[in-house]
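J.: Here's the letter readout for the chains.
There are 2 protein chains.
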Amino acid sequence: MTELKPWRTLSSRITYEDQWLRLRADRCETSDGKVIDPFHIIDASDWVNVAALTDDGNVVLIREYRHGAEAITLGLPGGVCDREDDSPIVSAARELEEETGYTCRSFVPTGRAHANWADHSNEIHFFLGFGAELNGQTNLDENEEIEVELCPWPEFLEYDFSGPKHTHHAAALFFAERYFKRHPDRTPK
Amino acid sequence: MTELKPWRTLSSRITYEDQWLRLRADRCETSDGKVIDPFHIIDASDWVNVAALTDDGNVVLIREYRHGAEAITLGLPGGVCDREDDSPIVSAARELEEETGYTCRSFVPTGRAHANWADHSNEIHFFLGFGAELNGQTNLDENEEIEVELCPWPEFLEYDFSGPKHTHHAAALFFAERYFKRHPDRTPK
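Respectively, the protein sequence lines represent chains A and B. Read in order, the letters of the first sequence are residues 618 to 806 in the numbering used here. Read in order, the letters of the second sequence are residues 618 to 806 in the numbering used here.
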């Protein structure tokens with residue numbers, strides 16, 4: 618049995634907030650009475666990430682400029698769970714369609730994990746989409762400029778192309794592979 | 618060939634900085650001349666993550682309270698690449714020893730990926746360690762309280778215990794699995 622005890626949050630204040638970033642500073646007390654102040658938390662809504670597969674075994678990827686990497690990137694669609702979304706699966710379907718124009722016959726959750734339990738409050742919900750088809754309506758955010766690209770699933774699963782990689786997408790591939798190990802009949806040919 | 622063009626950073630200012638968090642706000646211009654200001658970046662040093670394996674096939678895990686998740690968590694050791702570290706592999710060995718007291722006979726890099734290319738400037742360097750042994754010296758940060766735990770590698774690879782999961786650790790498992798597919802002789806029995 619662990620001896621570890623959670624910290625107590627004595628107080629909490631929002632130190633920055635705009636449309637894009639919400640920063641929280643907590644005053645915390647450890648189990649042996651030490652006070653830590655400020656402890657910064659990126660106070661974010663949950664995120665979703667979608668690997669949408671077409672029936673002929675391609676995954677739907679997006680190419681876009683990402684300013685964190687300061688590079689044109691290639692990766693999986695995803696985004697924020699909006700307050701209006703009833704559940705993460707709804708967010709996943711919405712983000713996929715908004716960013717790519719693709720819709721799916723079905724989605725399955727493959728895993729769920731904290732974005733960064735050191736300093737983020739939120740979790741990422743990972744999904745596989747099946748039967749992806751280009752029959753929806755894109756709806757890009759103001760600053761989004763996106764090119765959609767199909768890639769054979771086994772090739773993307775290698776995650777070995779030149780250019781930037783994303784930790785969240787490696788995690789998505791881990792959860793997808795684990796799902797396919799448990800459901801080999803659904804593995805893209 | 619992609620039509621996408623990177624943004625230009627017109628100016629950049631540090632909006633917050635202390636020991637734990639450095640926040641940058643950029644004034645950016647898209648390729649069609651639109652100005653985005655502020656674009657927030659978590660301006661962080663690179664991070665490392667280590668899956669250290671003992672010769673009898675266990676992975677070295679740490680249990681600790683993480684305030685992002687507000688929970689006692691179980692996961693892989695890791696941390697920040699210090700300015701004094703000559704390379705990420707040095708950081709990986711140092712963080713492993715400081716957090717767990719374990720040292721390794723050898724380390725191999727398994728992958729490298731942006732922490733979050735949307736809004737983080739840094740990358741995570743993933744390592745496997747071989748021949749892990751408890752013969753080093755722990756050196757915990759002021760606020761760290763850690764319990765070390767061994768877990769059979771195949772069990773951790775399932776990543777299916779109850780309790781919080783970490784996106785970075787799912788990514789670490791993806792990169793480790795990919796390494797072992799390419800080097801089956803090194804797979805823990």
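Keep in mind the hints are simulated off the structure, nothing from the lab. For every residue, glycine included, the Cβ atom is placed at its ideal position computed from N, Cα and C. Watch out, some of these pointers could steer you wrong.
[Claimed, not checked] Simulated crosslink set (DMTMM-like; lysine to aspartate or glutamate; CA at most 25 Å straight-line): (1) Lys622/A to Glu766/B; (2) Lys798/A to Glu764/B; (3) Lys806/B to Asp672/B.
[Claimed, not checked] Calculated Cβ distances over 12 Å to all of chain B for the following chain A residues: (4) Thr626; (5) Arg711; (6) Gly718.
J.: None of the hints should be skipped; say for each whether it holds.
T.: Verification of the supplied hints:
no.: 1; hint: Lys622/A to Glu766/B; in the structure: holds, 17 Å
no.: 2; hint: Lys798/A to Glu764/B; in the structure: violated, 32 Å
no.: 3; hint: Lys806/B to Asp672/B; in the structure: holds, 9 Å
no.: 4; hint: Thr626; in the structure: violated, 8 Å
no.: 5; hint: Arg711; in the structure: holds, 18 Å
no.: 6; hint: Gly718; in the structure: holds, 17 Å
Checked against the numbered hints above, the structure violates hints 2 and 4; every other hint is satisfied.
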